[in-house]
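Protein chains in written order, with this note's numbering: chain S, 1145 to 1680; chain V, 1145 to 1680.
Derived from the structure by calculation, the hints contain no laboratory data. Model, not experiment: these values are computed from the prediction. There's no promise every hint is true.
Chain copies aren't distinguished; within one or between two, either way the pair holds.
[Claimed, not checked] SDA-like cross-link-like pairs, simulated, lysine to any residue; straight-line CA separation at most 20 Å:
id, residue 1, residue 2
1, 1174, 1342
2, 1546, 1525
3, 1386, 1349
4, 1430, 1448
5, 1522, 1504
6, 1175, 1493
7, 1368, 1347
8, 1171, 1496
9, 1171, 1342
10, 1174, 1345
11, 1522, 1189
12, 1539, 1405
Number of protein chains: 2
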Amino acid sequence: MMSQRPRRILILGGGFGGVYTALTLEKLLKKEIRRGEVELGLVSRENYMVFQPMLPEVISGSIGILDTIAPIRRLCPNTNLYTRTIESIDLGHRSVTATAGFGSRQHHLHYDHLVLALGNVTSFAGQPGLAEYALPFKYLGDALALRNRLIHTLEEADIEQDPEVRRALLTFVVAGGGFSGVEAVAELNDFVRAAARSFRHVDAREIRVVLLHAGGLILPELPKSLAEFAQGLLMKRGVEIKLDTLLVGATADSAVLQGGERIPTRTLVSTVPSGPNPLVAMLPLKMERGRVVVDATLAVPEHPGVWAVGDCAYIRDARSGEACPPTAQHATREAQCVARNIVAALRGEPATPFSFKALGKMGALGRRSAVAEIFGFKVSGFLAWWLWRTIYLMKLPGLDRKLRVATDWTLDLVLPPDIVQLKTERALGVRREYFEPGQVIFREGDRGDWLYVVTEGEVEVVRSSEDGEETSLRRLGRGECFGEIALVSDRPRSATVRAVSASNVLAVDRDAFQALFATLPPLRSFFESLIATRTR
Amino acid sequence: MMSQRPRRILILGGGFGGVYTALTLEKLLKKEIRRGEVELGLVSRENYMVFQPMLPEVISGSIGILDTIAPIRRLCPNTNLYTRTIESIDLGHRSVTATAGFGSRQHHLHYDHLVLALGNVTSFAGQPGLAEYALPFKYLGDALALRNRLIHTLEEADIEQDPEVRRALLTFVVAGGGFSGVEAVAELNDFVRAAARSFRHVDAREIRVVLLHAGGLILPELPKSLAEFAQGLLMKRGVEIKLDTLLVGATADSAVLQGGERIPTRTLVSTVPSGPNPLVAMLPLKMERGRVVVDATLAVPEHPGVWAVGDCAYIRDARSGEACPPTAQHATREAQCVARNIVAALRGEPATPFSFKALGKMGALGRRSAVAEIFGFKVSGFLAWWLWRTIYLMKLPGLDRKLRVATDWTLDLVLPPDIVQLKTERALGVRREYFEPGQVIFREGDRGDWLYVVTEGEVEVVRSSEDGEETSLRRLGRGECFGEIALVSDRPRSATVRAVSASNVLAVDRDAFQALFATLPPLRSFFESLIATRTR
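Produce the entire structure from the sequences given, and follow the hints as far as they go.
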């Protein structure tokens, strides 16, 4: 049945779509793989699959950090895993290029069948300041970063005297009232309120948790009565819900709403829908809203051997004719269908069209409450929460994870939340920042180790006289820099710098500056003469 | 007894010395703290204390990541915790300056009593390449970074064809045969050998784990028979032990030994003794081997109100007259003694001199084996391991941690090791690299996104003709750069670059380059003309 050369099936993406395709293929082609007639490959940026529904629980630490994710190698032991970033897809030559790992060797992977399961990506395009200051919530790293931010702001609030700064530190804003926003705000709210008890100088009544939602009622995916239950419960637990509200931008210490209102905050989480994966968007295929259009059998028309599933595919249900929603439930079933159809293609059998009716929808609301619609029944409160836990525990791949999560959940019933701040990131030498018109970048007298370069916009350098009057020293535009004196002396800032128009700047820290600039002769002489002029 | 203004006791450092000082003071001064007569403060870079003896277990994941650390706030609920880096200590004005957190405000803390418990720091001075390529093993972040490196090298080896590159990927070198080096190599060895089973194309027999030790027998702190037992056991489990061997340097893909031998490796862990904390070294106090000399009561002579404990203090035992070793056992007892002496000073009572005889020493050897010397008895094998676990579990501060660790250990008996690679660091835009004479920095035909600037040494650019003959194009020295063409085009490297002498270079990635260099006019014109000249 099979030819001499092994048939190569390559899956791109390590989410539900990709991993379940590999899992199903391993089962269906067990013999062929063992005989070397078929080779399975999967390319994923991470060596694990994130179990998205449990990600919010990482915030409160009620699940062990590693327990919401499952190693792909263990799930698919007979698939070659390439833990690499994909660089390009060449449909003409039937090959995929993955970036280099250690050293500088690229990987070129050839295929007979290709499954696109690349999902979508977080995109903050068109919202100034969000890329710099908003926290996304999609990957495990995001959940950890958010958890650390929450603890960090509590740490700072505990020793901060200035009431305005305290207010921003103790305000937490989540944008997006869909499932992921609601689950994130529920866990965040529970966690900061419980953790605050360990901080001597933080009063739980100072804490403000805000959920921004563009529509008139949160959880538009659910029936009205369940959404209303969820909304009421969150409000009772102290979440302030702002309906019909759109987030349009962010600064380092505020969320900017449509209409101009600002909420002072140091923690802004954005869970708003993400954009198409640029790798997919670049393919010369028929697209619909950034997704690859496939036929009823999940094959890409006019490209035999190319298939697409999950959030990166535009799929119409064969029975209902409706577009399939981008959920894990659907991705899993699409993966099983595509695997069967690939096997059918290898064996010269006919393909099956895809059809699936969602079993239900569930959203956790924190502290033993949830909402669920299962087989048409509406459930809310403790029973829904119990269902939520039980169903997801069953769905969690791998027995070891099931055991670990069940144990975590049991311990969590009796133990206080963990407030350890896990700093693993090292500071970047160079970072991008964004400032609104009128916003102060730094103040006279501040300490500062950063040099700034204007990349867009205009800023103004001002100095105050003793009677409080301000003199404008100079205005700086694109390509000009300020704050350089702090890099050669230990003195505080000698002037205040403020954005005149909306400005993007690059901040370079002392280490990066000294390492880089001091060794490059053209830069060294440039800065020496600049400092000489400005300090004269 | 006490005066009107609260007496301020400030503790610097969040290790065993600092935390146990605060713990003991909270107990002894319960009433005074409640009445506002005494204020306790503790400054620590992290908001948790690392329970060092369990750190190696983080490598294998047999303990949950957060379970080897305890939140200081929970341990010392009546102490004001400042989670900040200390910038300077001013003994004359009795004040300490801590760095800014969010925003740019420094904290100035005043004290009546000051306890120095700052420990020591990792220092790679004098060993070229170690700062760039060796992995330290002291903080929780180090253990996580090592764990990720192990998984990353296995991931790469699994898809690597070149036998030389594979060899370096599958060789793991630990330098230092003291307690921490031995415990680290034991866990590392167990973990990589167990994890390798999940990698389809890695054969456990390809794995090489090497321990470098400067002396003739590992574990010099223990009696000879125990050290020999440990050495034999590690060797039986596949660890190659190189005695009388000194690590003198490192490159990206090798460990350099005294005498010139190189071990090709992508994972070099260095646990060799660390240097004095620079903050302590700068104090105008009497020092002995980088530590602050204290009297028998742990007070710093001629500076009333200043005390020192732990690894940053040079303490002679009041009874034996011997210098106290830098161990957790001693730090804990020193902390309790200094707390009692501070209370005595506040109450005008006499101070007690410090004396303590170590109860014993223990070292874990992985997989249910250990060596221990307790009250003079020598124990090895399973019984020592059982003692090790039991004693450390008892010592672990906080009931919740005890429960979590006991659970982890139980699960670990039945579950396979976790092989999830947890990437939390983002790539730095600028990094330092070191190359030995003759070492290739990149090869013609390689892909590369980095621009290099020579900060020290000399490099040579060569191109090969079709018959394999090499032509030297140019030599570059300090302040000159190479590899810039890759930043403006997508083509592979057009030449090979090799270090002529020992060279330090800065590598700048494409993002940092484009962001920074493209906006600064002097740099832009410099690079435009450079590229024009070199591509002519």
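Tell me, please, which holds for residue 1539 and residue 1405 at an alpha-carbon limit of 20 Å: within, between, both or neither? neither (43 Å within a copy, 53 Å between copies)
Checking residue 1430 and residue 1448: alpha-carbon separation at most 20 Å within a copy, between copies, both or neither? Result: close within a single copy only, 14 Å intra versus 79 Å inter.
With 20 Å as the alpha-carbon cut-off, assign the pair residue 1546 and residue 1525 to within, between, both or neither. neither (24 Å within a copy, 33 Å between copies)
Tell me, please, which holds for residue 1175 and residue 1493 at an alpha-carbon limit of 20 Å: within, between, both or neither? Classified as within: same-chain Cα gap 18 Å, cross-chain 83 Å, threshold 20 Å.
My question is about residue 1174 and residue 1345: at a cut-off of 20 Å on alpha-carbon distance, are they close within one copy, between copies, both, or neither? Between copies, since 18 Å is at most 20 Å while 61 Å is not.
Is it within, between, both or neither when you check residue 1171 against residue 1342 at 20 Å Cα-Cα? For residue 1171 and residue 1342, the Cα distance is within 20 Å only across copies (18 Å; inside one copy 50 Å).
Within, between, both or neither: how does the pair residue 1171, residue 1496 come out at a Cα-Cα threshold of 20 Å? within (18 Å within a copy, 72 Å between copies)
Please work out whether the CA atoms of residue 1386 and residue 1349 approach to 20 Å or closer within one copy, between two copies, in both situations, or in neither? within (19 Å within a copy, 61 Å between copies)
Could you place residue 1522 and residue 1189 in one of the four classes (within, between, both, neither) given a Cα distance threshold of 20 Å? neither (38 Å within a copy, 49 Å between copies)
At most 20 Å between alpha carbons: which applies to residue 1522 and residue 1504, within, between, both or neither? within (9 Å within a copy, 62 Å between copies)
Check residue 1174 against residue 1342 for me: Cα-Cα at most 20 Å, and say if that holds within a copy, between copies, both or neither. between (54 Å within a copy, 18 Å between copies)
Checking an output row: residue 1368 and residue 1347, CA cutoff 20 Å. Within, between, both or neither? neither (35 Å within a copy, 57 Å between copies)
Hint check: violations occur at hints 2, 7, 11, 12; the rest are consistent with the structure.
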